[in-house]
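Quick mapping for you: the protein sequence lines, in order, are chains Y and L.
When we follow the numbering used here, the leftmost residue of the first sequence carries the number 1, and every step to the right adds one.
When we follow the numbering used here, the leftmost residue of the second sequence carries the number 1001, and every step to the right adds one.
Because the hints were derived from the structure by calculation, they are not lab data.
Note that this is a predicted model, so its numbers are computed, not measured.
You can trust all of the hints, since none of them are fake.
Here's a subset of chain Y near chain L, in silico, CB distances under 8 Å, partners left out:
#, residue
1, Pro14
2, Ser35
3, Thr96
The calculated SDA-like cross-link candidates involving lysine to any residue, where the alpha carbons are at most 25 Å apart (straight line), are:
#, chain 1, residue 1, chain 2, residue 2
4, L, Lys1180, Y, Gly116
5, L, Lys1135, Y, Gly111
6, L, Lys1135, Y, Glu105
7, L, Lys1135, Y, Thr101
8, L, Lys1135, Y, Gly102
9, L, Lys1135, Y, Met107
10, L, Lys1135, Y, Leu109
11, L, Lys1135, Y, Thr96
12, L, Lys1180, Y, Arg112
13, L, Lys1135, L, His1198
14, L, Lys1135, L, Ala1161
15, L, Lys1180, Y, Leu120
16, L, Lys1135, Y, Ser115
17, L, Lys1135, L, Arg1193
18, L, Lys1135, Y, Asn27
19, L, Lys1180, Y, Leu114
20, L, Lys1180, Y, Glu105
21, L, Lys1180, Y, Asn108
22, L, Lys1180, Y, Ser115
23, L, Lys1135, Y, Gln104
24, L, Lys1180, Y, Leu109
25, L, Lys1135, Y, Arg112
26, L, Lys1135, Y, Asn108
27, L, Lys1135, Y, Phe103
Some chain Y residues close to chain L (C-beta under 7 Å, calculated; not the full set):
#, residue
28, Glu31
29, Val33
30, Ala66
31, Ala69
32, Ala70
33, Pro75
34, Leu76
35, His95
36, Phe103
37, Arg106
38, Leu110
39, Arg112
40, Leu114
We put the beta carbon where it would ideally sit given N, CA and C, even for glycine.
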Amino acid sequence: MEPRRDPRGALVRPYAVTRGRTEPLQNIALEAVLSCTFTQSAEARFAGHDKYRIATVCEGRAQSLAEIAAYTRMPLGVTRVLVADMVAEGLLTLHTAAPATGFQERMNLLGRVLSGLREL
Amino acid sequence: MDFANYDPAGADRSREIISAKIVVAGGFGVGKTTLVGAISEITPLTTEALMTAAGVGIDDPSKVPGKETTTVAMDFGRITMAQDLILYLFGTPGQTRFWFMWDEIIRGAVGAAVLVDTRRITDAFAPLDYFENRKLPYVVALNRFDGAPLYEVEEVRESLAISPDVPLVWCDARNRESVKQVLVTVVEHAMLRLQAEHERGYPASVG
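Whenever a hint applies, use it, and build me the whole structure from the sequences.
Quick look at the structure:
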């Protein structure tokens, strides 16, 4: 396990917040959605500044990895490492991005997206 | 103590949220972010990725002192369609040398729209080549810039050497209805492609 506390100064190199790790525990897709319950976010308070910021962004509204990176102003790769850690630690819930793999499943998903667009 | 109704976010935990994405590609300044902004429920956001050794390609950072990383920015938007369905629109970085980033953006996408400025049609060659070589379904959208010549769609198809089965439409990237129509075309095309592949018995991912 990685130590939970992230060292930070006024100026940090991008991967300093991950203690130099650049490989995430799992490769989360850009559009994969993450959510955070009140309980999870309360726990994240003790997981360090950056993880708590991430939890705060996802609380009450599910957000994609890309949105988390944009709102926290952290580079995508850094965000992915932290988010994957948080999923492993139970601080965030990862929803699978477009999990449809079978023909009918994929058609259903496309059909839902199509009607969603038409209703806009 | 019954907290069953206390924590609505907690109750949502079991519900899977599915996200889908559509990619908006095209040359620099062709209106990708404008298109995304015309239909996104949020002001387009920017995510920055640092170019690391794995994605160096043309730029070899070891030969450039003091320049270890390059930042690649991509803009995206969001359309929440239902409580359990979110559509994301991702713009590709303008410069095609950031191919590694494109690969990440298109992975798992429903399809793509390649936006073309008819005044700078050659800018579309690289993005079109890219999609020709990928399995991702795509459509070509000609952005109707003020004062740009209004070619016949078939003329453009010929000059860009776009195959007849790729949909080609005019659009106004600033106009919500027009953008909506482009996205509808992308999804319809993706469905047709999927149906055709299914009938022919491939690809392998069809289960």
